[in-house]
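Turn these sequences into a full structure, and let the hints steer you where they fit.
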Amino acid sequence: MPAVPQFLQERNRQILTKGKDAFDIVGGQPSLAGAVSQRACVYCGSRVVLYPIADALHLVHGPIGCAAYTWDIRGSLSSGPDLFRNCFSTDLREKHVVFGGQQRLFDTLCLLIDKHRPQAAFVYSTCIVGVIGDDVPAVCKQVQLLKNIPVIPVMAEGFQGSKKDGYRIACDALFQLIGADDSKTIGEFSINILGDFNLAGELWMLSEYYRRIGIHVVASITGDGRVNDIRNAHRASLNIVQCAGSMMHLAQRMNEQFGIPFRKVSFFGIEDVADALYQVATFFHNQTLIDNATLLVREELSNLLPQLDVFKNALHGTKAAIYVGGAFKAISLVKALRLIGVSTVIAGTQTGNADDYKLLKKLCDDGCILVDDSNPIELSEFVKLTGANLFIGGVKERPIAYKLGIAFCDHNHERKVALAGFQGMINFAQEVYNTVSSPVWRFTRPHLAP
Amino acid sequence: MLLRHTSDKEIERKALTINPAKTCQPIGAMYAALGIHGCLPHSHGSQGCCSYHRSALTRHFKEPVMASTSSFSEGSSVFGGSANLTAAIETIFSVYSPDIVAVHTTCLSETIGDDLTQIVSKAKEEGKIPDGKTVIFCNTPSYVGTHITGYSNQLSAFIKFFSTATPKKKNVVNLAAGWMEPSDMREIKRLAATMEARTILFPDMSDVLDCPLTGKFVMYPPGGTSLADMTATGDSKFTIGLGAYATEDACVKLENKCKVRFEVIEIPIGLKATDRFIVALSRHANLPIPDDITEERGRLVDLIADNSKYFYGKRVALFGDPDTLIPLTEFLLTLDMKPVYIVTGTPGKHFDESMKDLLNEKVPEAKFMSGERADMFRMHQWIKQEPVDLLIGNTYGKYIARDENIPFVRLGFPITDRPGHNFFPNVGYTGATNLTLKILHGLLEHKDRTCPEEKVEFQM
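Protein chains in written order, with my numbering: chain A, 1 to 450; chain B, 1001 to 1460.
Since the hints were made in silico from the structure, they are not lab data. Just so you know, even glycine gets a beta-carbon here, dropped at the ideal spot from N, CA and C. Incorrect hints may appear among the rest.
Covered stretches of chain A (in silico footprint by chain B; criterion: 3 or more residues with CB under 8 angstroms from a CB of chain B, positions within the stretch not fixed) [unchecked claim]: (1) 37 to 47; (2) 88 to 98; (3) 129 to 137; (4) 153 to 160; (5) 370 to 384; (6) 389 to 402.
Here are the simulated DSS-like cross-link-like pairs (lysine-lysine), alpha carbons at most 30 angstroms apart as the crow flies [claimed, not checked]: (7) B:K1216 with A:K361; (8) B:K1014 with A:K141; (9) A:K384 with B:K1133; (10) B:K1438 with A:K416; (11) A:K115 with B:K1367; (12) A:K95 with B:K1367; (13) A:K416 with B:K1216; (14) B:K1062 with A:K416; (15) B:K1014 with A:K147; (16) B:K1384 with A:K115; (17) B:K1356 with A:K95; (18) B:K1253 with B:K1160; (19) A:K95 with B:K1160.
Written out as structure tokens, the structure is:
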């Protein structure tokens, strides 16, 4: 048998079976060159974070592809403006690569701002801009002075790293807006929600919970986001951070600069949602808020638990494979699945770090395979090995799961049903049940027996 | 209401593209490379490129799309991507064991000036490419041309690396497929088989991106033009290129390299383009046109005649790729419809000239545009100036269709919100029948839904 090449031995340190392997996974390593990686780039990371700011102009400075592939792909809903759902690109051509694209960027920005009068503009710098050396910040500054709106350069050249690095750049871009305005009326007990992107209207559901408790959401960063809310975000008393992978950096910066404390929460799964509400209510040391939160959780649970029991019985024995972007989501998923009788046998992420994997390892049952930055071959091998009959992932995992003849639930950008909050838990259980119990999985054997 | 930002007043735009009717080169190369059996497309650039292309193709085909990436880092952009590609080649053959790796570049690797010829031959010398395995490559800078250019460049790379002429020519006709659906390729093979013609179709995405569910995941599905067939294209006696933008360059290169004469015709969309394809194949394969095919044609003509009253004078807007739009425009004229607005983001004279020829006399009011700023924003503005009865294009058209309340037929890439393009071809007489039915269905559904109560009829 040939010796296993060095790089593959190293790869083995990114895969472990709980109860069998003693080491810990070190996440966040760069992908192997040549990998059929499910990961994306820096630009992608910053684009998905900033994209939901609905009344801003988002202009992609680069060849057409980077703009075309991110055109309206994230199902972030807006309650009003929809400028963000258009695709604006400087569409760089060969001559700009040779002679530079600064003038083109300037012209494009001015024209768009004149036409649409956005509240702010984000200018995304792509790989090639980093290489040809356009001074994007200078152009932004110039246009900002000329047009009198914030024009923010997002220096997200794809090659700088993975999606996660793009989140950080997006946070820094957002930070430029925060603190710029004091005009918004703020309630007595106020928070910002960081890292909910209002997929399938989830943010609206969460805001409603807080409203019922008596808490004012100043800014949602960035689901159904508005520039002026974000400019006022420094005046909230507390930041709650839902997608920690993408938004921790911003929470930390706001803490340093404005002294706003933050809490990491998850709105997914009963315990986590309840916890997210209690944490905020207790933060303000106000009995009314605590009573309101208790009442809300009690009401929602009394409605929810009997419904969940039905699913739990039906789904008992189901084995799930999870492969998602962020580790925080994976952790919530393991807990939520347990609640409906589903055990997790594979848990993987694209961007988890060492601490995330320690937490995941603690949470999972023995025999569960943990994997960082996986690929289709591995994933399908693991499914075979563990007998998983449900896959939870995103767009690239869906057809693989279906080809394997197992159920699939989308927990990424393309989900169409709200999965956050208490109602989201029911929706999730229903989704899982629908796909697991579909009759189609009975017809997947390729040959008819005579 | 989504597109409320679009007004009917056209503004002078020098730089800006809004809502493009195109995307960038590398995705075309990736799609074409999937049509060779056992071939893994490799994106030489940042991770995002590969991820975006795979996601975009997956959303359209609802199938696993396999491709690897050089995973560029900050260092690669400064020192060049040579080390990444060399490491990638090693990883790919150890982990994914394809027969062929088809490398395409990106804007980044092009701009930093990676020399693929040199990198790959060095990898070969160093024994990083196992015996019997091949690494091919093509240049696909994102800032030149569009996804169609990338597709065309990949096809030319197949010719450059594989096609070989032996002293003996065979009685085989090559069919170079332009950008079309796997279902279209299946239909073209069916027509050739019905005629009993010996053909080599390349690339061939059927049985790659329209696979049955078997309970197994395979990296390299059973379909795709085999390496042996691809090599043998050099021995064929003739090549028919289907779609000038995507296949002409490959046809020319094959003629130069292996002396295989060629003819480039349109993708056989619609009655007349299919007639030309059938006649060309019959002539070059030297075989009669079988009755079965003639009867298919007859049934299509019957369908058109039965419903001609619904087509007459209907104004149509269409957008997408030039190789599709040219025969589609011709077919709309066959149906007695009026193609009035046509845009493609892919630049080129052939489109403008073909449109002029097709439309100058029959629809003098028609507006058509190609290349930079020929985008959907502009088409929408035209529609606002004077409305149309039907819109044809990829899924991005649905916003315009909804805002303007016009029936919409999905055709092109990407289609992300309806299934079916994997099953029902648009080419051949069968494809033309499918298209006719889709158009009719769109028009009649719209009429039923929107006409006044007293005009709703049982018999239409």
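We went through each hint and held it up to the structure:
Look at the region 37 to 47 of chain A against chain B: 8 of its residues bring a Cβ nearer than 8 angstroms to a Cβ of that chain, three or more, so the hint holds. Counting residues of the region 88 to 98 of chain A whose C-beta sits closer than 8 angstroms to any C-beta of chain B gives 9, which meets the bar of three, so the coverage hint holds. Chain B is given as covering the region 129 to 137 of chain A, and this holds because 3 residues of the stretch bring a CB closer than 8 angstroms to a CB of that chain, at least three being needed. Counting residues of the region 153 to 160 of chain A whose beta-carbon sits less than 8 angstroms from any beta-carbon of chain B gives 4, enough to reach three: the coverage restraint holds.
Counting residues of the region 370 to 384 of chain A whose beta carbon lies closer than 8 angstroms to any beta carbon of chain B gives 4, which meets the minimum of three for the stated coverage. Counting residues of the region 389 to 402 of chain A whose CB lies closer than 8 angstroms to any CB of chain B gives 6, so the stated coverage by that chain holds, three being the minimum. Proposed proximity of B:K1216 and A:K361 is supported: the alpha carbons are some 29 angstroms apart, at most 30 angstroms. With a C-alpha separation of about 21 angstroms, the suggested pair B:K1014 and A:K141 falls inside the 30 angstroms cut-off, and the hint holds.
Distance restraint check for A:K384 and B:K1133: the Cα-Cα separation of roughly 29 angstroms lies within the 30 angstroms cut-off, and the hinted pair is therefore satisfied. Between B:K1438 and A:K416 the CA atoms are separated by roughly 27 angstroms; this keeps the pair inside 30 angstroms, and the hint holds. At most 30 angstroms may separate the alpha-carbon atoms for a hinted pair to count; A:K115 and B:K1367 meet this at roughly 24 angstroms. Distance hint between A:K95 and B:K1367 is fulfilled; the C-alpha atoms sit about 28 angstroms from each other, no more than 30 angstroms.
Our distance criterion of 30 angstroms between C-alpha atoms is met by A:K416 and B:K1216, whose separation comes to about 27 angstroms. Restraint check: the Cα-Cα separation between B:K1062 and A:K416 comes to about 17 angstroms, which is no more than 30 angstroms; the hinted pair holds. For the proposed pair B:K1014 and A:K147, the alpha carbon gap of about 19 angstroms is at most 30 angstroms, so the pair holds. Pair hint B:K1384 plus A:K115 holds up; C-alpha atoms about 17 angstroms apart against a cutoff of 30 angstroms.
Of the pairs offered as hints, the one joining B:K1356 and A:K95 holds, with about 29 angstroms between alpha carbons and a cut-off of 30 angstroms not exceeded. Annotation: proposed proximity of B:K1253 to B:K1160 holds, straight-line Cα distance about 7 angstroms (limit 30 angstroms). The suggested pairing of A:K95 with B:K1160 holds, with an alpha-carbon distance near 28 angstroms, which does not exceed 30 angstroms.
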